[in-house]
Amino acid sequence: MAERTGKRKPMIGLQPEGDIDWSSYRGVMVFVEQRNGQAKPVSWQLIGEATRLAAKLNVKVMALVIGWQVSELAEESIYHGADEVYVCDSKELEHYRTRPYSRVCLHVIRKYKPEIVLMGATNTGRDLAGAIATHLPTGLTADSTQLDVDEERLLLASRPAFSEKMLATILCKQFKPQMATARAGVFEQLPRDTTRTGEVIQVPPQMDPGEIATEMIEFLETKGSVNLAEAEVIVAGGRGLGGPAAFEMLKELADELGGVVGASRAVVDLGWIGHDHQVGQTGVTVRPKLYFAIGISGAVQHVVGMQNSSYIVAINKDANAPIFKIANYAIVGDLFQIIPAIIQAVRTRKLERLQLLKY
Amino acid sequence: MLHIVVCIKQVPDSREIRIDPKTNTLIRQGVPAIVNYYDLHGLEEALRIKDEFGARVTVITMGPPSAEKALCQCVSMGADEGVLVSDRAFAGADTLATSYVLALTIQKAEDTWGPVDMIFCGKQTLDGDTGQVGPGIACRLDMDQLTYVELFESLDIEKQEVVVRRHLEDGVERVRARLPVLITALDILNRPRRASLPGVLRAARYKPIVWTTNDFSNLDRSKIGLKGSPTIVSKTWVPEPKQVNTEYVDSANVVAAATDLLNRLYATELPQKLGWS
Ligand SMILES: Cc1cc2nc3c(=O)[nH]c(=O)nc-3n(C[C@H](O)[C@H](O)[C@H](O)COP(=O)(O)OP(=O)(O)OC[C@H]3O[C@@H](n4cnc5c(N)ncnc54)[C@H](O)[C@@H]3O)c2cc1C
Ligand SMILES: Nc1ncnc2c1ncn2[C@@H]1O[C@H](COP(=O)(O)O)[C@@H](O)[C@H]1O
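If you read the protein sequences in the order shown, they are chains S and D.
According to this note's numbering, the residues represented by the first sequence are 1 to 359, in order.
According to this note's numbering, the residues represented by the second sequence are 1001 to 1277, in order.
Calculated from the structure, these hints are not laboratory results.
All figures in this text were calculated on a predicted structure; none of them were measured in a lab.
Glycine is no exception: its CB is placed at the ideal position from the N, C-alpha and C atoms.
You may find that some hints are simply not true.
Restricting the straight-line Cα-Cα distance to at most 30 Å, the calculated cross-link-like pairs of lysine-lysine (DSS-like) are [said to hold, decoys possible]: (1) D:LYS1022 x S:LYS165; (2) S:LYS9 x S:LYS56; (3) S:LYS165 x D:LYS1159; (4) D:LYS1227 x S:LYS9; (5) D:LYS1227 x S:LYS165; (6) D:LYS1235 x S:LYS325; (7) S:LYS111 x D:LYS1227; (8) D:LYS1273 x S:LYS289.
Ranges of calculated distance between the beta carbons of each label pair, as one might list FRET restraints [as the list claims (entries may be wrong)]: (9) D:ASN1218 x S:GLU152: 27 to 37 Å; (10) D:GLN1272 x S:THR197: 52 to 62 Å; (11) S:LYS350 x D:SER1066: 32 to 42 Å; (12) S:GLU17 x D:ASN1218: 43 to 53 Å.
So here's chain S without its partners, still in its complex pose (with noise of 0.2 Å):
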């Protein structure tokens, strides 16, 4: 066997450094995730809730850009609601990874003390959110859906426990920065202000390249991608479709509504549509404006991951079917007499409003 390299120097229980004084610590920070200088959303729709939580602690917003020719985000995330935009730009930090990105996030947490941190509940916020959070170390708390800010400057990060069953709401007394991951699609984004102005500070990048193992190889983005924490309109189908040709259907429904497909596990399992399509508590929890339930029954464990939808819609044959009960319109009966007709009157729809447009 090849003889070990980089050895390791594990730090099993970790200190706070340096200055303990919390007092010294201010600020709201945003981690702006990002893929090749593109924001994720949920980015600038936790900028946008740490302005209301800053205004009410009266404190700054910050934001913090890692990445290679990333100075556009800077600007991107003034206008969207940051004063103070922390930027380490550097080749070497391209691609996410989670050691050099969270000795950037490390330095400029210990340097500029935000009192709360926050992260989008992304695979990437939460990997980088975890390492940090055991560095610091401090309280984190997953996932958050609701956050505020009480009089004595505690956050409160309040999240789905028990498979969505009860809320918790959790606090960190103890450490500073206060951290939590939020998910996508639960906070408004402000309108961007492109008269807004703030100030860009540039953060040496952190490294110590003999250490970094770690390699990308290669991003293969996902055929047909489907974001379905963000989309807006999901399109979801579940056994009741049959087999695998009626999700053209749908997809043809979500298409005309600017949607994705979504799925039942049911019908995952069945390998007639891929996993990335699962709704639900071993899918992706998901916040639609519009969620059509196409052939589902409405199984607890489908249910939690959809019912803060905005607007559900539900086609089932079986009158019982429990997901009637969290649809705001239902509709009993054929989902392959009543899928064709919807995508018809949608089309009509948009041709009556195209000639209104014209004439």
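Let chain S serve as the given structure and place chain D with the ligands on it in line with the hints.
Showing chain D with the ligands alone in chain S's frame:
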């Protein structure tokens, strides 16, 4: 020989948890305990590596004495040893305190059975539901972490390298990393095996190793259990069930039903929010 540690947790089967409508508290009685769903996928991957390359697979869990059963289940599938870290003083741990104890446990496992090459965790637990414990352990042990792994592509023992595919919201990332490494498993990574007959026989007699606070010479008691947990649950509540006034669309005539549905959708704020013209 490779040494692989798998972190598993025994969790209440959340499907069975109900809320007492009178007190708004969780009814835990009679709720079966299972091995956290994702952790079994981590174990399966470890066992596949064991099948192909030969490895010692040590399964660890921090939990109450009853979690022995979960370890026995892992042994029945093919794990070599199960370690239960159990002590009243560990109770009430959040992810920070949990990763502290698990990192110490892995360090002790290294002292006992040799250096660890790989650690598998689940993507997240069904009860804690944070996915923070894996990164926490990696950080404390100064290892690289590969989270949300959907495919284990290759292991090169000569080069001490693994290549995996990480699942992200917008695609898949192929990553190469050096051993030792911590991997968190998605359920699409593999299909966990059933216990073999010899495995079942071994598990029936198997007694997991139990470590308590007294077994760790370097344990800092201020970092464990409720005391060592910076996060505090200040309040729990049951959200008001969403009051939906389900409107039934008459489906006798499907064309009329479709138009009716659209009219209703257009009467909401959806067209404005979604930019439907
Ligand atoms: C640990 C665990 C985790 C799970 N996680 C998830 C999860 O994340 N997501 C998830 O979805 N499930 C999950 N499940 C599975 C869940 O319990 C259900 O089995 C699943 O959601 C059922 O899928 P379905 O509604 O498509 O199928 P079914 O329950 O079979 O429902 C099919 C429905 O289609 C209707 N139908 C049939 N034909 C027609 C027709 N022609 N027109 C109209 N309607 C028709 C039927 O009336 C029926 O209501 C999980 C289960 C477990 C044990
Ligand atoms: N008490 C525990 N004992 C052993 N492993 C655990 C424990 N808690 C969490 N883990 C591991 O960490 C993963 C993530 O857990 P969590 O951060 O609670 O979502 C789990 O899938 C397990 O692999």
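A quick look at each hint next to the structure:
1. Of the pairs offered as hints, the one joining LYS1022 (chain D) and LYS165 (chain S) holds, with about 15 Å between alpha carbons and a cut-off of 30 Å not exceeded.
2. At roughly 41 Å between alpha-carbon atoms, LYS9 (chain S) and LYS56 (chain S) are farther apart than 30 Å, so this suggested pair is violated.
3. A C-alpha spacing of about 47 Å is found between LYS165 (chain S) and LYS1159 (chain D), which places the hinted pair above 30 Å, so the restraint is violated.
4. Of the supplied pair hints, the one linking LYS1227 (chain D) and LYS9 (chain S) holds, its CA atoms being roughly 26 Å apart against a limit of 30 Å.
5. Restraint check for LYS1227 (chain D) and LYS165 (chain S): the C-alpha separation of about 27 Å stays at or below 30 Å, so the hint holds.
6. The suggested pairing of LYS1235 (chain D) with LYS325 (chain S) holds, with an alpha-carbon distance near 28 Å, which does not exceed 30 Å.
7. A hinted pair counts as satisfied when its Cα atoms are at most 30 Å apart, and LYS111 (chain S) with LYS1227 (chain D) qualifies at roughly 28 Å.
8. A distance of roughly 8 Å separates the Cα atoms of LYS1273 (chain D) and LYS289 (chain S); the hinted pair therefore holds under the 30 Å criterion.
9. One distance hint, 27 to 37 Å for the beta-carbon pair ASN1218 (chain D) and GLU152 (chain S), holds here, with the actual separation near 35 Å.
10. Between GLN1272 (chain D) and THR197 (chain S), the C-beta spacing of about 31 Å breaks the proposed range 52 to 62 Å.
11. The supplied range of 32 to 42 Å is broken by LYS350 (chain S) and SER1066 (chain D), whose beta-carbon atoms lie about 59 Å from each other.
12. For GLU17 (chain S) and ASN1218 (chain D), the hinted distance range of 43 to 53 Å is not satisfied, since their beta carbons lie about 20 Å from each other.
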